[in-house]
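Engineer: The lines below spell out each chain.
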Amino acid sequence: MSKAAFKGGVHPPEHKEATAALPIEWMPVPTRLVVPMSQHLGAPCAPLVAAGDRVHRGQLIGSVDAMVSAPVHSPVNGEVASVGTCLTAGGMRVPCVTITPDTEQDLRSFAPVPDGDVRATVRAAGIVGLGGATFPSAVKLSPPKGVEVGTVILNGCECEPYLTCDHRLMVESADRVVAGARIMADTIGAKRVVIGVEENKPDAIAALRAEAGDGIEVRSLVTRYPQGAEKQLIWAFLKKEVPHGKLPAAAGALVHNVATAAAIADAVDLRKPLTERVVTVTGRVARPGNYRVLLGTLVSDLIEFAGGFSGEVGRVVAGGPMTGPALADLDVPVSKGTSGIVVFGPDEIAPLVEGDQPCIRCGRCSEGCPMFLQPFLIGTHANRRDWTSAELFHPVDCIECGVCSYVCPTRRPLLQLIRLAKAAVMAKGERL
Amino acid sequence: MTKSSEGTRLSVASSPHIAAPTTCTNIMLWVVAALAPAAIWSMASIGWPAVQVFMLCIGSALATEAAWNAIAKKPQTLTDGSALVTGVLLAMCMPPMVPWWMSIAAGVIAIGLGKMIFGGLGWNLFNPALVGRAFVLMSWAGVLSKLPEKGWFQTLDVPAKGSLDAISGATRLAVAAADRAAAGGYRFDLAAQYEPLLWRNLQGSLGEVSAALLILGGLILLAKGIIDWRVPAGYIGTMGLLSWVFGSDPIFNVLAGGVLLGAFFMATDYVSSPMTKNGKLVFGIGCGVFNTVGRFFGPSPESTTFAILFMNGLAPLIDKMFTPRTFGWVKSDEE
Numbered sequence: 001m002s003k004a005a006f007k008g009g010v011h012p013p014e015h016k017e018a019t020a021a022l023p024i025e026w027m028p029v030p031t032r033l034v035v036p037m038s039q040h041l042g043a044p045c046a047p048l049v050a051a052g053d054r055v056h057r058g059q060l061i062g063s064v065d066a067m068v069s070a071p072v073h074s075p076v077n078g079e080v081a082s083v084g085t086c087l088t089a090g091g092m093r094v095p096c097v098t099i100t101p102d103t104e105q106d107l108r109s110f111a112p113v114p115d116g117d118v119r120a121t122v123r124a125a126g127i128v129g130l131g132g133a134t135f136p137s138a139v140k141l142s143p144p145k146g147v148e149v150g151t152v153i154l155n156g157c158e159c160e161p162y163l164t165c166d167h168r169l170m171v172e173s174a175d176r177v178v179a180g181a182r183i184m185a186d187t188i189g190a191k192r193v194v195i196g197v198e199e200n201k202p203d204a205i206a207a208l209r210a211e212a213g214d215g216i217e218v219r220s221l222v223t224r225y226p227q228g229a230e231k232q233l234i235w236a237f238l239k240k241e242v243p244h245g246k247l248p249a250a251a252g253a254l255v256h257n258v259a260t261a262a263a264i265a266d267a268v269d270l271r272k273p274l275t276e277r278v279v280t281v282t283g284r285v286a287r288p289g290n291y292r293v294l295l296g297t298l299v300s301d302l303i304e305f306a307g308g309f310s311g312e313v314g315r316v317v318a319g320g321p322m323t324g325p326a327l328a329d330l331d332v333p334v335s336k337g338t339s340g341i342v343v344f345g346p347d348e349i350a351p352l353v354e355g356d357q358p359c360i361r362c363g364r365c366s367e368g369c370p371m372f373l374q375p376f377l378i379g380t381h382a383n384r385r386d387w388t389s390a391e392l393f394h395p396v397d398c399i400e401c402g403v404c405s406y407v408c409p410t411r412r413p414l415l416q417l418i419r420l421a422k423a424a425v426m427a428k429g430e431r432l
Numbered sequence: 001m002t003k004s005s006e007g008t009r010l011s012v013a014s015s016p017h018i019a020a021p022t023t024c025t026n027i028m029l030w031v032v033a034a035l036a037p038a039a040i041w042s043m044a045s046i047g048w049p050a051v052q053v054f055m056l057c058i059g060s061a062l063a064t065e066a067a068w069n070a071i072a073k074k075p076q077t078l079t080d081g082s083a084l085v086t087g088v089l090l091a092m093c094m095p096p097m098v099p100w101w102m103s104i105a106a107g108v109i110a111i112g113l114g115k116m117i118f119g120g121l122g123w124n125l126f127n128p129a130l131v132g133r134a135f136v137l138m139s140w141a142g143v144l145s146k147l148p149e150k151g152w153f154q155t156l157d158v159p160a161k162g163s164l165d166a167i168s169g170a171t172r173l174a175v176a177a178a179d180r181a182a183a184g185g186y187r188f189d190l191a192a193q194y195e196p197l198l199w200r201n202l203q204g205s206l207g208e209v210s211a212a213l214l215i216l217g218g219l220i221l222l223a224k225g226i227i228d229w230r231v232p233a234g235y236i237g238t239m240g241l242l243s244w245v246f247g248s249d250p251i252f253n254v255l256a257g258g259v260l261l262g263a264f265f266m267a268t269d270y271v272s273s274p275m276t277k278n279g280k281l282v283f284g285i286g287c288g289v290f291n292t293v294g295r296f297f298g299p300s301p302e303s304t305t306f307a308i309l310f311m312n313g314l315a316p317l318i319d320k321m322f323t324p325r326t327f328g329w330v331k332s333d334e335e
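Residue numbers (this note's numbering), protein chains in the order written: chain A, 1 to 432; chain B, 1 to 335.
Source of the hints: derived by calculation from the structure; they are not laboratory data. Remember, it's a predicted structure, so these values are computed and weren't measured experimentally. Any given hint might turn out to be false.
Stated by the list, open to error - Some, not all, of what chain B presents toward chain A, calculated at C-beta under 8 Å: (1) 8; (2) 12; (3) 121; (4) 271; (5) 275.
Just so you know, even glycine gets a beta-carbon here, dropped at the ideal spot from N, CA and C.
Modelling step: build the complete structure from the supplied sequences, incorporating the hints.
Structural biologist: Shown next, in the form of C-alpha cells:
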C-alpha cells in the first residue's frame, strides 16, 4: 500500500534519536504533587477534597458538571497538603490540589472507576486527547445525531521533532493501542479503523501490525510535519477535507491519539482512571528518556530525575518545539497534555528578531501551509492592524502548526501575527 | 535540596521554537554563488573593463542602499544580501565598454528607483537590476550604440552578406536580426554559433559570455530549491517553441542574448514574480512570449529587459488569479 501524506508541510530535523530506542521507565513518586483541576479543554473542575484529607490513588478529587470537561483523580495515596491555585505549563493560573504522597506506594493498585458503558467510563476515567489538545475523549465519542462516522483514525504520527513518547508506547503497548481502537470503533459503529504512523517508526508499525489482525489497517505515512494534525491526517487517508467550521465527523472520521486509545482500553478493561502519562524528556538533560510520570509531578522534579540540565540552557518547552509553550517557571505540573519536556540550548532556538522584517515573497510559507493559507498576506495586514483585510485570507482556519514561522527566511513572526488576526476576527464575530 | 534548574534564566517566546536554517542572506549569497562562474569567466575572458563594470555596479548599488537608509534614518539592510545580488546582475547586463559613470548611474537608479523608493526589499514591483538597465538603455541609447571597440573582443568576425558589411560591434543576435530584415537568409549558420555562445561569446553584455555557465548556475539554484523550475521552464520552453514557430533556430535563440540570465536569475526574483505555482508557470510563459515577439517583431532583438519588466507589472494580478483555495472551503455534504 502506498504511503499516505497531506499537501504542504515541512520536515525539520527530527532529533528523536536520543530517546527513540529507550524503553519507557517509571519516574519514582516525587515528594509533592501539584494536581491542576484543569488539565483539559473546557470547564475547570472544582476540588472535591480539602487540606488534611486522606486520598487514595485513583480517587476522584476534582469534577464539574459540564458537558465539555474531564474529572481529575489522585495519582497517589497520600494526604492533601493544600487546595489553592497553580500555574500551568500554558501559563494559566488554575485551581489545584497539592498532595503529599505516602512514602510507601503501590502504583499497581488504584480505586476503579464506577461501572458504566464505554462513554460513561471514558468520561469517568478523565480521559482527554493525550496528543496535547486535551479535548475530552468522551465528547468525541458522541458524534452529533444523524452523522455517520465510518472511520476511526488513530494518530501515531508523532510528527513533532524530539518527541518519542507515542513511539515507545506503540512499540511497548501495541496491544493496548489496538484494543482501544476496537473499543472506539464498536462504540460509534465505525466500520473501518486505520492507524497512521510516520514511516520513521518502522518498529512501531511492525508492533502494531502484529497486534492488529483483521479489520484494522496500520498504514505508514510520509514523515512530514504536521502529518498528525487532525484535518491533514483525515485527508491523507480519506482524501476528504473537513469543511470549514465543521467537526471531523462531517468528513466521516473520528481521530484519536494512540496514547488516548491505550488509556481508553485501560479504562474500559481495567477500570483505570487516567493518573499518569508518558513524557519524553530530551534535549540538554543528562539522562534523556521516555518517562511514565504521575500527573501533577513538577517539571523541575522531572528534569532532576532526568539527570538535570547538561550544558547551557536557553529555553524549556512543554511538548514539541513547533507547538509547545515555553516555560517561564519550571515549578509547573506535568498534566494530561504534556507530551514532552524539551530543553534547548540558547543556540538551538529560533533567534528573536527585533522590528519589522520584510517579506521577500519567496512563497515558502504558502507552500508549507497545510491549510493552503497565505500567511505572508495575513501577516502583512496584521502588522498594520488591518483586521478587515486580514479576514479575507481566512486566519480563523489556521491550525497554528507554526510551519510559516519556521520556514520564513526573514524570520517574520508569521504565526504570532496570524494568532492576532484570528483573535481579532473571532472577537468581531462575537460582537455581531 | 537544590535543583540544577534553580536560578536558570529561561527565554520565553511564542511557538514555534525552532527555525529552518535558510535565511534571506543565505538565499541571496547562493544566488551570487550561482552567478559567480559566469561572472568570473566573463572577467577572465574580457579583462579589466569587465572587472571595472562589476566593481562600479556592485559598489554603487551597495552605496546607494547604505546612503538611502542613512538619510531615511532606517536600519542598515546591506547584510540581507539583496543589494549585492542587484549589483552583480546589473553588471551582467551591461556591455564591458560602458563609460564608468554609466555603471554608477545604473547602480544608483536600480537601487534608488528600483527598490528603496518603494520601501526597500520586498516592496518593489519591478526587478531592480532591470530597472537600472532599462534606465540606461533609454537614457543613453546613442552612447551605447557607439561604444568604443577595444582590440579583439568587440568585433564579431562574420562574413559580409550582399550590401551588408560586417557590423561593427554587433552581437550575433543583431546580425541575425539584420539578416532576417533583409532577404536571402542568414549569413552564418545559426547552429554553428552554439559553441561560441555556450563558452566564449565576447559580443554583448557581460552576462552573455558563457551560456553554459549560466545554465550551471541555474541548475545550482534549482538543486538548492531556491528557484522553482516553473519560471525558467515556462520562459525557455516558450522562447524555443515560438522561435521555431517564427522560422528560426530555437536553440540559437535561447542561447543568444539575455534569455538565460533572465530566465534563471531575473524572472525568478521572488519579490517581482508571482508566488503561486501556477502563477510562476504563467509568468515564465509570458516572459517567453514577450521576449520572442519583441525579438522577432520589435525594434531591438534584445527584448529580455522589457519582457520581464512587463511581466513584473502583471505579477500581482497573476497571483490573484491563482490564489489557493483554503483547505476545508469545500461544499459540505449537508449543504
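Engineer: Now look at each hint and say whether the structure bears it out.
Structural biologist: Each hint, compared with the structure:
1. 8: Interface hint status for residue 8 of chain B: holds (5 Å vs cutoff 8 Å).
2. 12: Holds, about 4 Å.
3. 121: Holds. Min distance 5 Å.
4. 271: The hint holds - residue 271 of chain B has a Cβ within 8 Å of chain A, the shortest such distance being about 5 Å.
5. 275: holds, 4 Å
Violated hints for the displayed structure: none, as all numbered hints are satisfied.
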